[in-house]
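Novice: Listed in order, the protein sequences are those of chains A and B.
Residue 290 in our numbering sits at position 290 of the first sequence, and the numbers go up by one each step.
Residue 781 in our numbering sits at position 212 of the second sequence, and the numbers go up by one each step.
Keep in mind the hints are simulated off the structure, nothing from the lab.
You may find that some hints are simply not true.
[Stated by the list, open to error] In silico lysine-lysine, DSSO-like type, Cα no more than 27 Å apart, as pairs:
| id | chain 1 | residue 1 | chain 2 | residue 2 |
| --- | --- | --- | --- | --- |
| 1 | B | Lys968 | A | Lys209 |
| 2 | A | Lys209 | B | Lys758 |
| 3 | A | Lys209 | B | Lys748 |
| 4 | A | Lys209 | B | Lys747 |
| 5 | B | Lys701 | A | Lys288 |
| 6 | B | Lys763 | A | Lys267 |
| 7 | B | Lys763 | A | Lys308 |
| 8 | A | Lys209 | B | Lys760 |
| 9 | B | Lys748 | B | Lys758 |
[Stated by the list, open to error] Chain B side only, calculated, beta carbon under 8 Å to chain A, not exhaustive:
| id | residue |
| --- | --- |
| 10 | Glu646 |
| 11 | Asn654 |
| 12 | Ile658 |
| 13 | Ile727 |
| 14 | Gly764 |
| 15 | Gly767 |
| 16 | Tyr938 |
| 17 | Met961 |
| 18 | Pro967 |
| 19 | Val971 |
All figures in this text were calculated on a predicted structure; none of them were measured in a lab.
Using N, Cα and C, we set each Cβ at its ideal position, and we do this for glycine too.
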Amino acid sequence: MLAMIACSWWPKTISAQDEKPAVAPVGRTYAITNVNIVQAPGRKIDQGVVVMKDGLITAVGKGIAIPPEAIVIKADSMYVYAGFIDGLSHTGIPKPKEERERDREKVKDPGNPPADRAGITPQTDVRNLINPADKSVEELRGLGFTVSQVVPYGNFLPGSAAIVLLGGKSPDDMVLVSNSALYSELTGSQNVYPSTIMAVMAKFRELYKNASLNKSYQSLYATNRNAISRPESDRILEAFYPVIDQRIPVLFKSERVMETQRVFTLKNDLSFSLIIGDVKEGWPIIPKIKSSGAKVFLSLDLPDEVKKEEKKDDKKGAKKDSVKTEPKKETVKPKTALDLEKEALEKRKKESIALYASQSNEFSKAGLTFGFSAMSAKTKDIQANLRRMIKAGLSEDAALAGLTTSPAQLLGLSDRLGTIDVGKMANLVVSYKPYFDEKSKVRYVFVDGNIYKIDAKEVKKADDKVSAIGSWSYSTETPQGTATGKLVIKGDKGSYSGTITNSFTGKTVDLKNVELDGNKLSFTFPYDDNGQSLTIQVLVEIDGNSFEGTMSPGPDGSFPVKATKDPKF
Amino acid sequence: MLIKNATVLTVTKGTLTETDVLVKDGKIAQIGKNLAAPQGSKTIDATGLFVMPGIIDAHSHIAIDGINEASSPVTAEVAEGDVINPTQISIYRALGGGITAVHAMHGSANAIGGQCETLKLRYGTFDNDAMKMEGAPRTIKFALGENPTRVHGAGNSIVPRTRMGVEFVIRRSFSDAKKYAEDWDNYNKNKLVKGFRGAPPVYNLRLEILAEILKGNIIIHCHSYRADEIFMLLNVCKDFGIKRLVFQHVNEGFKVAPELAAYGAMASVFSDWWAYKFEVYYSTAYNAAILTRNGVVTSINSDDAEMMRHLYHEAAKTQKYGGLSDDEALSLVTINPAKQLGIDSRTGSLEVGKDADIAIFKNHPLSVYGVPQYTIVDGIVRFDRANDPADMRLMVDPKQNVEDASVLSDKGRDNCMDGTEFLFGDFSDADKK
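Work the whole structure out from these sequences, hints included.
Specialist: See below:
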């Protein structure tokens, strides 16, 4: 009977469900339901639906018909935003092993080192270095980032940049835009030329000028190759050609205020298009940045806040008085000149830290469009740092813009990234609470329409209170009546298993994919009804000795299920 | 701004008592008695005080991020002007010593070092270009003797290892530059000829700069101590037609003073700092005076962020050692370094029309009781002893612990060898080879 009803509920496409969920889900159609949609800063839809298919957003709004083949993601009281974009980092690029200087082969003539020792490898294509399985991809994605502009490690001219999706099986899978910029840093090489910043700058100018000359000569040669000497083939210089043609910009890491200005000096000398990334000290030179026309990605890294060290002094006092047993007198010693000086210096340090935190707000107030760069920030600090910036005055809308619409615009990808709109790429982040709330956690991230469930490791603490283990008596309301049975969960954190019985079939079957996420228990089990094999998905929330949730045989319908724990004897 | 009723030490045009100096639009507008202050302008009552030209330090390494590109013995292409750092606190402290302009130099690790930059101490800005003195002539650092031979010869077994090697490196560089300039001149000429389809020569920034030296567009400032090497460079410059030449340190300059004067080469020396290396053993505190008496344009420099704060006292030592007059002694730190930097038409003395670079002292600057009260750069008061805040830092490091801030630097006084430590091999082994 269940089978007959089941047939009328589900389309024929879901007839041969795979029993092994390790294989990719059939079709890439998802519907996020009952979710608070932040389409873009200032554009919200409360409790709506987002539908995506094959990597593109196909519907956004309220009262939307959910396609029959869609996998439904119930996101009640959650928030969905466009996936975040990082403008400059090494995400996905494995960090090379640090070679000790003494272990490296000594360069005979440090004034004329081989190009790779000098840091001059602009022809390196970062795509050849990407490792999709590098931990950094998963870590940054876990914060809601879906796209990154990534560059090779190294100093001076490590190679080209590429804009990549933070998900995919191979480097090519990930690449959105190859050779998006020529990457450079004003950092010298150890012990060989160029080692100082001034030498790096001089060398940059010389390389650029020679590239221009070579390029012009190549054009001349191409018109008639007879009777003149052939142009030199030089991979290093050729890497500059697209920059000289103004087809791609130079992307400079410019953390500090003087460093950034030195990059501007080169830009003014050579007239290339410029992006500055991981900017930490931009606020003293905002007018200069504005007039330079450079595109800006501010650093997500902030200096640590000063910890309150008051207890230390009390401890010191206690040590001195350890001999005495009577309580200390509450005398207030007059502050010495040294104390006052220390206080004044601490105050300035605190003010300095505050300036770093308020940088993005200053850019916002000055009307400068900016994105963010994850290059030097630790992933565990990024959300907290964004909250610090907001506390320092940056509006949440401006913060969101810096993560979505602005970087999309700066990278020339507004047509397909940055907002939740029909036709754009299905890059989304779903969080339990508004993203910028204290303790807000990311639940799902969609990259190119593929779902990633984010394991919030911290939630494991709740495991102590919630125990799924044991025997549960459940009942579920189906159209043809109530089904009941026993659900037994065994095992330990991280590896649960169990069995379930069913009053309709009378059989006991094994559970699969048993997962406990906080107080949310999910599993699947096979259901054989008159020869038709189905996989029933169960998702319930445990509250003490009872749980409530849903059982779904497929995307079309779900039946409510309740259970109480069987007491142990 | 009006400075009233001071003893004005013009240095070039005598000393005037109870005289006013009127500053307008960053320049010295008038020097005279009972001048009227324009409406709304600041007045400094300098009664009993001494007003002199702002002090110029012709050899300094402050305000720059990076001193030695020590990876190669010839690095003419690098420029200190690219790495100016106007936020360094040493700039403010120099202002506290009456300094208004400095020659920010490359270090002495290389036979031919990088281009230097003449800076006005306009402290208070983050702008990396704001301190550069517009229109100041280009200068470059050369170095002879033990520094380049230790760093490159002993450190890396490359030429130069001896003084004759240093000479060879300089001569070869100039010859290469000459050929380079000829190649480019030929190309540029032929390029205009119809139907010409030749390839341009490789663009080499190092040789470009060296060619500029040969053309007389860049003043050489050469670190040197021994008379033989000083004389050697005079001959090299004569061979290549280079006239604009200033020697730095020149401890044995007194031995070749007539030759220096005859060539027109100038000298920037220490007052009494020697014996820290072998090549600096044979020295005398009378060096500056002897050079002056022999007609060499001489200045006294510091090459040190601390010593520059009392350069006026260093100048005063020549009165004890050599009997220089007040104006002669003051010239050593004002108009003479200005001449050596090619900026004497703009600054270095108190004359109408010159930049308002002024230092005001309590007691005569050459007196041991002299203390700077105000330092004015381009007509702006950059240091006022009565209004001197305790913390004048522009940028505060958000990561540095307050407890850890050290007072004394354990670096040696001579910054000229900064950044070259890594290149130092074991000297004993090098000599055994």
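Novice: With reference to the structure, classify each hint as holding or not holding.
Specialist: Here's how the hints hold up against the structure:
| no. | hint | verdict |
| --- | --- | --- |
| 1 | B:Lys968 to A:Lys209 | violated, 39 Å |
| 2 | A:Lys209 to B:Lys758 | holds, 20 Å |
| 3 | A:Lys209 to B:Lys748 | holds, 20 Å |
| 4 | A:Lys209 to B:Lys747 | holds, 21 Å |
| 5 | B:Lys701 to A:Lys288 | holds, 17 Å |
| 6 | B:Lys763 to A:Lys267 | violated, 34 Å |
| 7 | B:Lys763 to A:Lys308 | violated, 77 Å |
| 8 | A:Lys209 to B:Lys760 | holds, 18 Å |
| 9 | B:Lys748 to B:Lys758 | holds, 15 Å |
| 10 | Glu646 | holds, 4 Å |
| 11 | Asn654 | holds, 5 Å |
| 12 | Ile658 | violated, 13 Å |
| 13 | Ile727 | holds, 6 Å |
| 14 | Gly764 | violated, 11 Å |
| 15 | Gly767 | holds, 7 Å |
| 16 | Tyr938 | violated, 26 Å |
| 17 | Met961 | violated, 11 Å |
| 18 | Pro967 | holds, 4 Å |
| 19 | Val971 | holds, 5 Å |
In summary, the structure is inconsistent with hints 1, 6, 7, 12, 14, 16 and 17 from the numbered list given earlier, while agreeing with the others.
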